[in-house]
Amino acid sequence: MTLEVGKKAPKFKLAASNGETISLMDLRGRNVVIFFYPKDMTATCTVQACDMRDVYSEFVDANTVVLGISGDSIKSHQNFVAKKELPYLLLADEDHKVCKMYGVWQLKKLYGREYMGIVRSTFLIDAKGNLVREWRKVKVKGHAQEVLEAARSLNK
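Position one of the sequence shown corresponds to residue 1 (full-length UniProt numbering), numbered consecutively onward.
In short, the hints are calculated from the structure, not lab data.
Where hints are given, some of them may not hold.
[Unchecked claim] Label-pair restraints from in silico Cβ distances: (1) E149 x V47: 13 to 21 Å; (2) S73 x T44: 40 to 48 Å; (3) Q145 x A82: 23 to 31 Å; (4) V47 x E4: 23 to 31 Å; (5) S23 x G112: 35 to 43 Å; (6) S73 x G103: 17 to 25 Å; (7) Q106 x M25: 23 to 31 Å; (8) E149 x L3: 16 to 24 Å; (9) Y115 x R152: 22 to 30 Å.
We put the CB at the ideal spot given by N, CA and C, even for glycine.
Input sequences plus hints: build the corresponding full structure.
Right, here's the structure in full:
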């Protein structure tokens, strides 16, 4: 399946930080923001997660579910949620299957070393399950607010 704005978003089911399994299909009728991030408890990922937390109630007001996805374990996610008081679910994609479906599992370089990892990216899916917006290689500053504005615009 190729990822394309205006087309159906790839469906998935993943274990969540609350112990449940979350399916994209189960969220129909609400907008969904999925943000992919490299690792729990790291500096930039913590800023990103907390920025989403800080505007979370406004996402709820915009009929929008927020989900964070990384390759970390459920236990790691639960610790992250507890420590940073995150009000939304984090999903565990330990085999990177969903990351690959969304095209965020890529070759990265750091200090001359090459490795596979998650490229920080965000996707906005409308209430019908269509991908309406994508942000790739996200710079965290101001990003949560930009995504919130895009989610609000879906309700107009």
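Consistency of the hints with the structure:
1. Hint check: E149 to V47, Cβ distance near 19 Å, so the stated range 13 to 21 Å holds.
2. Separated by about 20 Å at the C-beta atoms, S73 and T44 break the suggested range of 40 to 48 Å.
3. Between Q145 and A82 the CB atoms are about 25 Å apart, so this pair conforms to the stated range of 23 to 31 Å.
4. The supplied range of 23 to 31 Å is met by V47 and E4, whose beta-carbon atoms lie about 30 Å from each other.
5. Distance hint check: the CB atoms of S23 and G112 are about 40 Å apart, consistent with the given range 35 to 43 Å.
6. A hinted range of 17 to 25 Å for the beta carbons of S73 and G103 is consistent with their spacing of about 23 Å.
7. Checked against the hint of 23 to 31 Å, the C-beta distance between Q106 and M25 comes to roughly 26 Å, which is consistent with it.
8. For the pair E149 and L3, the supplied restraint of 16 to 24 Å holds, since their beta-carbon distance comes to about 22 Å.
9. Between Y115 and R152 the beta carbon distance is about 37 Å. The supplied range of 22 to 30 Å is therefore violated.
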